[in-house]
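J.: Residue numbers (numbering that gives the first Met the number 0), protein chains in the order written: chain U, 0 to 436; chain C, 0 to 332; chain B, 0 to 322.
Read the hints as simulated data drawn from the structure, not as lab findings.
Cβ coordinates follow ideal geometry from the N, Cα and C atoms, glycine included.
A portion of the hints provided could be inaccurate.
In silico lysine-lysine, PhoX-like type, Cα no more than 20 Å apart, as pairs [stated by the list, open to error]:
#1 U:166 - C:112
#2 U:166 - U:146
#3 C:112 - B:131
Here are some chain B residues pointing at chain C (derived, C-beta under 10 Å) [as the list claims (entries may be wrong)]:
#4 83
#5 123
#6 136
#7 162
#8 163
#9 164
#10 200
#11 204
#12 218
#13 298
#14 302
#15 321
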Amino acid sequence: MNDVYMPQLSLTMTEGVVINWLKKEGDPVRKGEPVVEVETDKATVELESPADGILGPIVAPVGAIVPIGGPLSSVLDPDSRTGLKNPTNSDQSREVNHQAFTDAIQRVIASPRARKAAHELAIDITQVEASGPGGRIVEADVLWHAKDRVRIEKPVFVSPVAKRIAKEEGVDLGAIVGTGRGGRIMKEDVVRVKTPLPAGAEETGKKESVSRIHQIMAQRLVESWTTAPHFYLLHEIRAEQLVNLRKSLLAVMEKKYHIKLTYTDLLIKIVAEVLHSHPRLNSSWIESELLLHDQINLGIAVAVEDGLVVPVIHNADTLNIAEIAIQRQALVEKANEGKLHPQDFSGGTFTISNLGMYNVDSFNAVLNTNQAAILAFGRIADRVIPVDGQPAVKPALFATLTCDHRAVDGACGARFLDELAETIENPWLLLLPPDDK
Amino acid sequence: MPEMRELTILEAIKEALDEELARDPAVFLMGEDVGRAGGVFMVTEGLQQKYGKDRVMDTPISEAIIAGTGVGAAMTEMRPVVEIMFCDFMTLAMDQVVNQAAKMHYMTGGQVKVPLVIRTAGGAGRAAAAQHSQSLHAWFAHIPGLKVVLPSTPYDAKGLLKSAIRDDNPVIYFEDKMSYKVKGPVPVGEYTIPLGVADIKRNGTDVTLIATSSMVQVAEKAADLLGEDKISAELIDPRCLRPLDKGTILDSVKKTGRAVVIDEGYLSYGTTAEIAALISDEAFDYLDAPVKRIGGMDVPIPMTPVLETVTIPNEVQVVQTVKGLFGRRYPNE
Amino acid sequence: MSIDREIMMDMYFYMQRIRRFEETAEELYKRGVVVGLLHLYIGEEAVATGACLALQKDDYITSKHRGHGHLIAKGGDLKKLLAELCGKTTGYCQGKGGSMHAADLSLGILGANGIVGGGFGIATGAALSAKKRQSGQIVACFFGDGAANQGILMESLNLAAIWKLPLIYMCENNTFGEYSRFDEATVSDKPIGERAAAFGLPSSKIDGNDVIAVYECVQQAAARARAGKGPTFIEACTYRFRGHHMGDVGTARGYRTKEEMDERWHHEPVGSFRKLLLEKNILEEPDLTIIDQQIEKDIQEAVDFVNSSPAADASKIAEDIYA
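Here chain U stands alone, though its shape is the one from the complex (with noise of 0.2 Å):
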């Protein structure tokens, strides 16, 4: 017998929903061939048949929230019935025909209480998650939901006395964010929440229901924001170098390889090259020790529908500038059609963020989970700038690096944000090799 199961697609992931059964029990696979389609907390994945033969008891209906190496369900040998439902034992026969209901339609299983729930509470009741037995959405995840929770995916530490008040003062502590170490929830936390709102202050407006991956992304960041101490270094560089290069470059893209060589394709072939000589950029600290990345994966952060995904170009200091701008663009369409796979968007170990395209001229962005850094470009501008002692009128941008301060110090982050700066201004010197700069 082979297992069809809920394996682990990322290193955060620690659960997945089933979303769509795309065979039904009983009906013949073959090894390789897409059995169901999963969420995990990143994107939607359709996960394969182990082996040839026929798809056994689904176990986990849609809804279905399954921790990793949970059991979905099961191949087994063609010549096999055993596990095979009896139609004639009708408690059995109500659960196939439950899963040929739900296959069938793919509606939303939820409790007529439940429905009442969200309809009186205006809530979509397909955006709330069902934490109900076999994937059903109960009247406690619509008033879970209405409450805007998100949930908390691994365990946070709660102080005793953070404990204490909670439970004396009837506080939630799904909805503290903790601001203690590692997102730790203290006593100060609970005391901000609990003293009450001055009257005006109630909710009005009306709500909105966020996807999953959207929550999912909420909680990263605070992750990322409470536990990562961050600091900023801001650089003003020239761009007129660049803009040649890219002119230089469009046709050749555009006839060659039908690309539209862009802005960012440039920036991710300059950094990957800045990064070598700055190994402590490509690091993340974890559990108090600094990890030198030995790739350079450049995740590039891409604005979606319904969120933000950050995929990640592979090697990028080995890709020429085409391998990188055609990447480039297939994990842009992924991403906006929700079709990434897992290996695009991890292994990630430095991320660049362009908001020049929306008119910004600098930023802060957030670090992205356990890496050291992140840089932030805004707008190529016409700005006033000194040459020769006058001014003049160029192009320049701002870069900001951001920067984890346990893996990065300030000096080690301005040299390498200074080293940037004069490759972008002098693009004639990635020929040369790392050590002559």
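Following the hints, position chains C and B against chain U.
T.: Structure of chains C and B alone, referenced to chain U:
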């Protein structure tokens, strides 16, 4: 506030019979060994000595004619309280109960009344095996024209029996042979409990438990255990299956959103099915989970105690069933 | 003949009354006016008449599915009975009981019964009740040869014997139990009454077509019961001239021949008694004619009553489930 004393269910039943025998000369008792021997469970002990053989009559072992005589006497100005020793033996009297007693008033266009009470005892737990351990009250609740009563406490037992005896219709009064020693407060003095009114034995907010007869005690234990896990259970004792107090049951489920029905009769085609269907029909939009049923196992009740115990609903089953009704967020989290 | 002329007139009156009613019901059934199941008593009139005339007005009787004869002989109202057969609200049971459950509590008629042997329990209970209340009432339980094979008869005989209940077991052996002959279904080398004898009870086997014989036998049994001496078993042998029920026509079911029916008709009780009355100069033709005409008038009145009665009222369907 009337004076209270503690009685067992057995004492409460005997007191009811004693009081009604004294109050109305038309009332008389009839059954196998109810007179001189005082009843196989000692419920009628002392009554023949007190009221005489004419009022407390020992019969041969002839369930059909015992029930039939009860019907005939009830049709002709008497108010017999007939005993069928074990409810399993009601099978021998079915024609008299179902085709005669239940229907006489209706078939004769209201001319004839049948103020008959049949007392019988159900319940497993004494290693009495399959033909002496059943709980067949659902069969009788199925028949229009009958009333079916199941008390669970001494207070209910006395009040309901007096009402049953004074009722002008055939009433089947189900005792539980395992519950005769259950104790509870009973007021001194005259009182009756109307038939067709349920009793809320315990108030709660998270789940409604509906239990009959000795299953009320099982549900009480379960409610205590659930309370330790901060699940607040409301416990409803219908007391009368026909007529059934639908309003109390539905109001409770509309409040809690969850229901578990517990009855000692066989699970299939019984009391729990009727009440569950009622709830899903008339409280559908208030349900947060499917209505669950717990009944006697669908198996002829085995003799040996180790096996017999498994067939009877217990509080652990109730607790596990209740917990399965919630999502991962318990209501009071 | 030591029987009062008045009583003899009553005997003829009731037998003819039953006969004419049954014939009328038969006709109305064929025309679809009488509905449901109909079990005709034609040929057995002497049993009901002789027995009921020997009882007092407040004595109880229980009857069987073939129960019109007992109800009429006990003094029942033809209008209400016919209306009941036709499902009218003006019937004895508001149209809810029909032929098999017709009852008149004011006359002590504890109902016809649709269950074969369904009267044993009720009769035993009524007898117990009468004894307890010391009312002097007795109970006549009418049943057929078929019901004599129901187990509850044995239970009743035993209980009535040990408690000395004021009961008369009137077994009408009309030769047939549904579509079977009596001797195919019942041990017949001994009278049915031997079953009662096993419980120490007196029994007799009499000619059920002889109304006087029935009358006298029941009189004795009634006296015994009223004296507190307990029950008596009477087997009255007669013949059922129509089928088990209206659907059982002629000899189609194969349990008898036309020749047998024709032969037995020569001894049918109403005609025989009429002849007897004339032969013994107890009554004259004109007397009998007056009685006949009275009966025809009553019958016509019943038919008119049915025609003017409203059909059953559906809004009352759930009434009288409980008292």
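J.: For this structure, which hints from the list above don't hold up?
T.: Numbers 1, 8, 10, 11, 12, 13, 14, in rising order.
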